[in-house]
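Number of protein chains: 4
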Amino acid sequence: MIVVMKPDASLKQVDHIVTEIERLGLRGHIIVGTERTVVAALGEKRDGAMQALETCPGVEKVMPILAPYKMASSEVKKEPTCVEVLNLKVGAGKIGVIAGPCSVESREQILLVAQQVKEAGATALRGGAFKPRTSPYSFQGMKEKGLELLAEARAATGLAIVTEVMASEHVAMVAQYADVLQVGARNMQNYPLLEKVGESGKVVLLKRGPSATMDEFLLAAEYILKTGNPNVILCERGIRTFEDHTRYTLPLATVPYLHQTTHLPVVVDPSHGTGKASLVAPMAVASIAAGADGLIIEVHPDPEKAVSDGYQSLTPAAFAALMTECRKVAAALGRSM
Amino acid sequence: MIVVMKPDASLKQVDHIVTEIERLGLRGHIIVGTERTVVAALGEKRDGAMQALETCPGVEKVMPILAPYKMASSEVKKEPTCVEVLNLKVGAGKIGVIAGPCSVESREQILLVAQQVKEAGATALRGGAFKPRTSPYSFQGMKEKGLELLAEARAATGLAIVTEVMASEHVAMVAQYADVLQVGARNMQNYPLLEKVGESGKVVLLKRGPSATMDEFLLAAEYILKTGNPNVILCERGIRTFEDHTRYTLPLATVPYLHQTTHLPVVVDPSHGTGKASLVAPMAVASIAAGADGLIIEVHPDPEKAVSDGYQSLTPAAFAALMTECRKVAAALGRSM
Amino acid sequence: MIVVMKPDASLKQVDHIVTEIERLGLRGHIIVGTERTVVAALGEKRDGAMQALETCPGVEKVMPILAPYKMASSEVKKEPTCVEVLNLKVGAGKIGVIAGPCSVESREQILLVAQQVKEAGATALRGGAFKPRTSPYSFQGMKEKGLELLAEARAATGLAIVTEVMASEHVAMVAQYADVLQVGARNMQNYPLLEKVGESGKVVLLKRGPSATMDEFLLAAEYILKTGNPNVILCERGIRTFEDHTRYTLPLATVPYLHQTTHLPVVVDPSHGTGKASLVAPMAVASIAAGADGLIIEVHPDPEKAVSDGYQSLTPAAFAALMTECRKVAAALGRSM
Amino acid sequence: MIVVMKPDASLKQVDHIVTEIERLGLRGHIIVGTERTVVAALGEKRDGAMQALETCPGVEKVMPILAPYKMASSEVKKEPTCVEVLNLKVGAGKIGVIAGPCSVESREQILLVAQQVKEAGATALRGGAFKPRTSPYSFQGMKEKGLELLAEARAATGLAIVTEVMASEHVAMVAQYADVLQVGARNMQNYPLLEKVGESGKVVLLKRGPSATMDEFLLAAEYILKTGNPNVILCERGIRTFEDHTRYTLPLATVPYLHQTTHLPVVVDPSHGTGKASLVAPMAVASIAAGADGLIIEVHPDPEKAVSDGYQSLTPAAFAALMTECRKVAAALGRSM
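Chains as they are written, first to last, in this note's numbering: chain A, 21 to 357; chain Z, 21 to 357; chain C, 21 to 357; chain H, 21 to 357.
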């Protein structure tokens, strides 16, 4: 931590900062510059208590030096992590594709689409049974019945099942049916839920919150890792910005950035990331080109009749065409999928 | 809902939209313009299913007409709601002030600060017992012990207790001690939690998520109202933007906007909204001037030693001075506090 | 400047940084921490060349310490600046009010509204003669004819004239008629224009760009100040964020923030800052409460027939009522207007 | 344009809207819904005057139907435009690569790097002679001397010259030396400059402003097209968001979105779009995969000694490696470069 003093800070104010730094168990190091004095705190802890020094007289700002996460950091584990369950392999060179409808709507729908995405090359099936909906008047999901249908689709196709869990009290139930527990963007900082899914031992797909910074995202992953569960897949799904021609802004630079800072695999969700079916395919291909370890894509047998997210769902045919493009790009870059 | 067709849309494509609108139980009305055709859906429902028509051939965009919330709307209930508990009165002309530390740290701390904020004019005490912290390495709160100390502070001062509840499984416990259940910004779209706090019958202080639109904010309130609990206080606490000289951007125009669209009271949190102690007072006064029904402010007996949020906490003396300013401005505008 | 090395940076890489720092005429100071090494550059210059060290091997990031502006800084001039022209006084305790239509539309319109805003208490008249319009198909202003009408309105009322100049080649002409040259938000970083308005010697009203940080805003002011012209008024007019219930987000915390960092006066434009007539008054009052040195407000004799910005213009009666509220709040806070 | 009335709007208020619509030369069409009445304006013009109806009593909101641009629209010209000058071909299937340093620094530097980028496959050379710098204390460019050196580099390599013009008064001079006039992000809405570069007849590279919407971007292009100059290249270079791990957020979905809405070619600038050398290559490859018609990339013979933008400049070797990757991905997708 670096404490930058104001230009007119007194010696006494500088001394006070050194005293406070030592009270926190660190060592203070004073650097006298030409315009202002700076105090470096050596032996820095990551708990944020030092930030309070910003209210001390004579202090201009407090700047952290260390990244606040540990177990997620590529400094701690240099080799990239590959997360595996059934045929889904994500990370360390492997590209996994998770596809399926926003919501499980019926037995026919989910069995049909599972077959279709499998044939096109998906290795996991997504489908919402518990749906977090912005409006209380929207369809809230088929709940446990939906989970049963997902399990039936797995039995029929061998695809791993990825589904969202919205509440701590449902973790045990969802974990009975699903292979991957998805924590949705709205719940990225629902810490009790993060701990519960961590403790379940299941693979966790953690979606970035739409206004989360990279540090916040990795600290959310750290909550899961701290439970002893190493199987975390990060998912970029778009952020809230002023752009209004897409539902969210999909910032693909997070993919190479995360590859430099964490060993965890990173998948991209171009369906939510754009919110428009016509933009999903080019952004999916771009994700692979940017180095993504996987994709999660909404596919529906008949998007215009979907009960949710129809506007951003691909038809099975469009998805199959997209898979072909992705495989070509992956191959061109020396990767396989 | 208005469906805007592309300029080259065929008659058959327009007909298909009308058919789909009727399948959803609405009535379609075609308007042929000079450049393109538009189809209005009459009898609109609020469940969002129509949005899927955006994937139909020939459709350019689908534009909703109705606000998606009902019970929170000032169209449904024209007179503003006043939420009351003990001496805290918020809304319909009453201004309530909630003050106290970020975290309950000790018996001495919370009893001292409760007395101090009461003397300065606060009508409720805030203090975190369960703390949602960005980092798992940060102080997580005193938990039930903290709740007991808050109840003791209420007994000593008569202040209403406002404290955050982070998890559905804690609602019953927190409701035993607190007068107002706070749903934090990170949990604004934690729908199971919203339903649980609604069902508790307690007053709920709902913080705006840092990237929530007004519609999303009011729909989150709607989740609570739908349980039959009318006692919801909305709280603007700042949004995520590109600004980096404050921790969040505090958009006070939400206060008059919400007063035009909802009957629910609106309080402002200038502590989180700025993240800098030196900016809290002017923004608190500005909030009152903008018509806010209340304030929630972090006050700590010794901010530089606070275990959390010290950088944005006022000293008791600064808080007392601020209350004086706020009272003057409220009086100038014909309101009392 | 602080150069933070990666945890595995070699001694040679650290030495290279020190060498580069010295090549730039500064002095390097190595601090060996428990997790990583940091190099402080003493005698820092403000030209940004050091930022390039981020590409050196072993470097994690480069963090500036100094604010990049000088002449605008309150470190250089502690007492606040009051900018004056005719009866318009802005800053150092004085509150100035600039009001008038978006565009000068006709002789009748501008003379009428000038009289109306003067009676209500404005000390300057705004009105666009050269209009920067998002669309080339929109009304582009009356140009020099508009300037003549503004001068006539000054002659009739004594109000100072504030009008926008969009192009370097118009500065001389506009300066002939106007008292205050406005640089619009779109031109905040049009550096040749900033220099030209600076050299004109006229008072300059500099609007914040909708995505400008405070450093960028103050550096734009610095371009003007560097020409020797000290008469710069800063204007907060709202920023681009994800919010869609207002045209821009108006972040009033910039007012106290700027008062802490610069001696220049700060006025607020709640018309553009909200883009909705119904929100202008509460945000104007809130601006005064936050400490603003002035307001700039769109007023039109008949907003629904305005050729531009009608949706955010007040009627003269609404403006007069607003002035009364503002005066009350200013008085309550010990200021006069 | 659709005018949505409030639920309690009176018949008289609806009639007033119809009258106003007819005053503007349009035709009003009333649609009575179950919850509120809507008035459609047929024969819509694009000049924005109707927006003022939002201030009329009884009106809730005014929603435009038509895109505000014409000549840039793919509705007007369906086949994609290819812009060509010397060996640079951009659009309609052709991929052009523009590379070179942020600033022209010396004869040796620019001639060397021109040779290097040409060998790697670039078809145009970028280099700043007039530099818009955030700080007045930063290097402002070599000005006309820099232009001469660029022309010399063209003579030596055959590369087309792309360089920024910052001021209307420099257009003639810059046009003497350059093949493509770049309008920088800060000047995207500098309308007099847009008109001047349009009138020059030169190819124009128009960079998106960091907070510009797609409509604003295309309307800026429309200002150029309206002068009769059809040779406009759009450039996505990143937007301002809350993200702080990159200098800007690079939203690649603009590429396919623009391909659907305009016939103009779209290039991407991953150097400014990320602001970090280590992220440039993956984002360049992703841009090609997303369908970009070209790239503009900062390359410097010795980035750590660059006088500007060193932190985001590639070495010539890194650039050559990147070109190889891009060619592979383009080939995989059936395109050549």
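Hints listed in this document are in silico derivations from the structure and should not be mistaken for laboratory results.
Among the hints, a few may not be true.
No copy labels: a pair is met if it fits in one copy or bridges any two.
Unchecked claim - No more than 30 Å apart at the CA atoms, straight line, and that leaves these computed lysine-lysine pairs for DSS-like:
#: 1; residue 1: Lys-348; residue 2: Lys-98
#: 2; residue 1: Lys-165; residue 2: Lys-98
#: 3; residue 1: Lys-98; residue 2: Lys-32
#: 4; residue 1: Lys-325; residue 2: Lys-163
#: 5; residue 1: Lys-348; residue 2: Lys-165
#: 6; residue 1: Lys-138; residue 2: Lys-348
#: 7; residue 1: Lys-26; residue 2: Lys-98
#: 8; residue 1: Lys-246; residue 2: Lys-165
#: 9; residue 1: Lys-114; residue 2: Lys-97
#: 10; residue 1: Lys-246; residue 2: Lys-348
#: 11; residue 1: Lys-81; residue 2: Lys-325
#: 12; residue 1: Lys-90; residue 2: Lys-325
#: 13; residue 1: Lys-246; residue 2: Lys-97
#: 14; residue 1: Lys-114; residue 2: Lys-325
#: 15; residue 1: Lys-97; residue 2: Lys-165
#: 16; residue 1: Lys-97; residue 2: Lys-325
#: 17; residue 1: Lys-165; residue 2: Lys-222
#: 18; residue 1: Lys-90; residue 2: Lys-163
#: 19; residue 1: Lys-222; residue 2: Lys-163
#: 20; residue 1: Lys-138; residue 2: Lys-163
#: 21; residue 1: Lys-98; residue 2: Lys-138
#: 22; residue 1: Lys-325; residue 2: Lys-222
#: 23; residue 1: Lys-98; residue 2: Lys-163
#: 24; residue 1: Lys-246; residue 2: Lys-32
#: 25; residue 1: Lys-97; residue 2: Lys-138
#: 26; residue 1: Lys-81; residue 2: Lys-26
Okay, the hints, checked on the actual structure:
| no. | hint | in the structure |
| --- | --- | --- |
| 1 | Lys-348 to Lys-98 | both (29 Å within a copy, 28 Å between copies) |
| 2 | Lys-165 to Lys-98 | neither (42 Å within a copy, 41 Å between copies) |
| 3 | Lys-98 to Lys-32 | between (44 Å within a copy, 22 Å between copies) |
| 4 | Lys-325 to Lys-163 | within (20 Å within a copy, 47 Å between copies) |
| 5 | Lys-348 to Lys-165 | neither (38 Å within a copy, 47 Å between copies) |
| 6 | Lys-138 to Lys-348 | both (18 Å within a copy, 28 Å between copies) |
| 7 | Lys-26 to Lys-98 | between (39 Å within a copy, 14 Å between copies) |
| 8 | Lys-246 to Lys-165 | between (32 Å within a copy, 25 Å between copies) |
| 9 | Lys-114 to Lys-97 | within (18 Å within a copy, 43 Å between copies) |
| 10 | Lys-246 to Lys-348 | neither (38 Å within a copy, 41 Å between copies) |
| 11 | Lys-81 to Lys-325 | between (54 Å within a copy, 16 Å between copies) |
| 12 | Lys-90 to Lys-325 | between (45 Å within a copy, 25 Å between copies) |
| 13 | Lys-246 to Lys-97 | within (14 Å within a copy, 48 Å between copies) |
| 14 | Lys-114 to Lys-325 | neither (34 Å within a copy, 38 Å between copies) |
| 15 | Lys-97 to Lys-165 | neither (40 Å within a copy, 38 Å between copies) |
| 16 | Lys-97 to Lys-325 | neither (46 Å within a copy, 33 Å between copies) |
| 17 | Lys-165 to Lys-222 | within (21 Å within a copy, 33 Å between copies) |
| 18 | Lys-90 to Lys-163 | between (36 Å within a copy, 25 Å between copies) |
| 19 | Lys-222 to Lys-163 | both (19 Å within a copy, 28 Å between copies) |
| 20 | Lys-138 to Lys-163 | within (24 Å within a copy, 47 Å between copies) |
| 21 | Lys-98 to Lys-138 | neither (33 Å within a copy, 37 Å between copies) |
| 22 | Lys-325 to Lys-222 | neither (33 Å within a copy, 40 Å between copies) |
| 23 | Lys-98 to Lys-163 | neither (40 Å within a copy, 37 Å between copies) |
| 24 | Lys-246 to Lys-32 | neither (41 Å within a copy, 36 Å between copies) |
| 25 | Lys-97 to Lys-138 | neither (33 Å within a copy, 40 Å between copies) |
| 26 | Lys-81 to Lys-26 | both (8 Å within a copy, 23 Å between copies) |
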